[in-house]
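A.B. asks: Please build the complex by placing chain B on the supplied structure of chain A, with the hints as guidance.
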Amino acid sequence: KQEVTQIPAALSVPEGENLVLNCSFTDSAIYNLQWFRQDPGKGLTSLLLIQSSQREQTSGRLNASLDKSSGRSTLYIAASQPGDSATYLCAVSGGGADGLTFGKGTHLIIQP
Amino acid sequence: NAGVMQNPRHLVRRRGQEARLRCSPMKGHSHVYWYRQLPEEGLKFMVYLQKENIIDESGMPKERFSAEFPKEGPSILRIQQVVRGDSAAYFCASSLPGAFRNEQFFGPGTRLTVL
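Residue numbers (our numbering), protein chains in the order written: chain A, 1 to 112; chain B, 1 to 115.
If we strip away everything but chain A, and leave its shape as in the complex, we get (with noise of 0.2 angstroms):
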């Protein structure tokens, strides 16, 4: 059964910094991994989707990487704003699974 670990589960950070958010799983055979940001009372909002076959993915100041032998992705936001305060959610398709496996998310807070 696949299961998707997040770490840190919380990090609040100043306005400015660069930072990485880690996402582990521990069954290999997924079809890609996908990073969301889910506002509080709010809906999912797709980040990034990385295929098996790819190794990162870049969109503006976010930068998401694929280890897939070793069951690692990171996400890297650059220059960090108080507007990218959120919930942080990585999940996996495949690895056994019909739907996504997710992750339980690191909520973020940028300090202005």
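It should be emphasised that the hints constitute simulated quantities derived from the structure, not laboratory data.
Treat the hints with care, as some may be off.
[Claimed, not checked] Derived pair list, reagent style BS3-like, types lysine-lysine, alpha-carbon separation capped at 27 angstroms: (1) B:Lys44 <-> B:Lys62; (2) A:Lys42 <-> B:Lys44; (3) B:Lys44 <-> A:Lys1.
[Said to hold, decoys possible] Label pairs and their in silico Cβ distance ranges: (4) A:Leu11 <-> B:Lys71: 42 to 52 angstroms; (5) A:Pro112 <-> B:Glu40: 26 to 36 angstroms; (6) A:Thr5 <-> B:Ser87: 25 to 35 angstroms; (7) B:Glu40 <-> A:Val20: 18 to 28 angstroms; (8) A:Val20 <-> B:Arg78: 39 to 49 angstroms; (9) A:Ile109 <-> B:Leu38: 16 to 26 angstroms; (10) A:Thr26 <-> B:Glu40: 18 to 28 angstroms; (11) B:Arg78 <-> A:Gly16: 43 to 53 angstroms; (12) B:Arg78 <-> A:Gln81: 35 to 45 angstroms; (13) B:Leu38 <-> A:Pro8: 15 to 25 angstroms; (14) A:Lys1 <-> B:Glu40: 15 to 25 angstroms; (15) A:Gly83 <-> B:Val83: 33 to 43 angstroms; (16) A:Thr58 <-> B:Arg14: 47 to 57 angstroms.
Built from N, CA and C at the ideal position, the CB exists for glycine as well.
C.D. replies: The following block gives chain B in isolation, referenced to the frame of chain A:
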């Protein structure tokens, strides 16, 4: 191109009543997924459907829960005889055919409160 639509956004039911949650996928998407987010827990997969077919319902509770995605109209998640433990946010996602490799797009969710 409208995104995934869910309604109602908020639903209040008393114990024993039925809850019906609706999801309209993005235009051109034929695959629908339902997830549940319990308070203080992560999102959990419930069911995966294509038009007129349930592909995987391994995450659905064995009783009281059912889902459908008819040829015409939205996907429906139905919860019969709701209990307080059903209170949660229910999210729907959709994707293009070739589901496993495609990005899933999520709706805003329906927040169910059972009194």
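A.B. asks: Determine for every hint whether it applies to the structure shown.
C.D. replies: We went through each hint and held it up to the structure:
no.: 1; hint: B:Lys44 <-> B:Lys62; result: 15 angstroms, holds
no.: 2; hint: A:Lys42 <-> B:Lys44; result: 16 angstroms, holds
no.: 3; hint: B:Lys44 <-> A:Lys1; result: 13 angstroms, holds
no.: 4; hint: A:Leu11 <-> B:Lys71: 42 to 52 angstroms; result: 46 angstroms, holds
no.: 5; hint: A:Pro112 <-> B:Glu40: 26 to 36 angstroms; result: 27 angstroms, holds
no.: 6; hint: A:Thr5 <-> B:Ser87: 25 to 35 angstroms; result: 26 angstroms, holds
no.: 7; hint: B:Glu40 <-> A:Val20: 18 to 28 angstroms; result: 25 angstroms, holds
no.: 8; hint: A:Val20 <-> B:Arg78: 39 to 49 angstroms; result: 42 angstroms, holds
no.: 9; hint: A:Ile109 <-> B:Leu38: 16 to 26 angstroms; result: 23 angstroms, holds
no.: 10; hint: A:Thr26 <-> B:Glu40: 18 to 28 angstroms; result: 22 angstroms, holds
no.: 11; hint: B:Arg78 <-> A:Gly16: 43 to 53 angstroms; result: 48 angstroms, holds
no.: 12; hint: B:Arg78 <-> A:Gln81: 35 to 45 angstroms; result: 42 angstroms, holds
no.: 13; hint: B:Leu38 <-> A:Pro8: 15 to 25 angstroms; result: 22 angstroms, holds
no.: 14; hint: A:Lys1 <-> B:Glu40: 15 to 25 angstroms; result: 21 angstroms, holds
no.: 15; hint: A:Gly83 <-> B:Val83: 33 to 43 angstroms; result: 38 angstroms, holds
no.: 16; hint: A:Thr58 <-> B:Arg14: 47 to 57 angstroms; result: 49 angstroms, holds
The structure meets every hint from the earlier list without exception.
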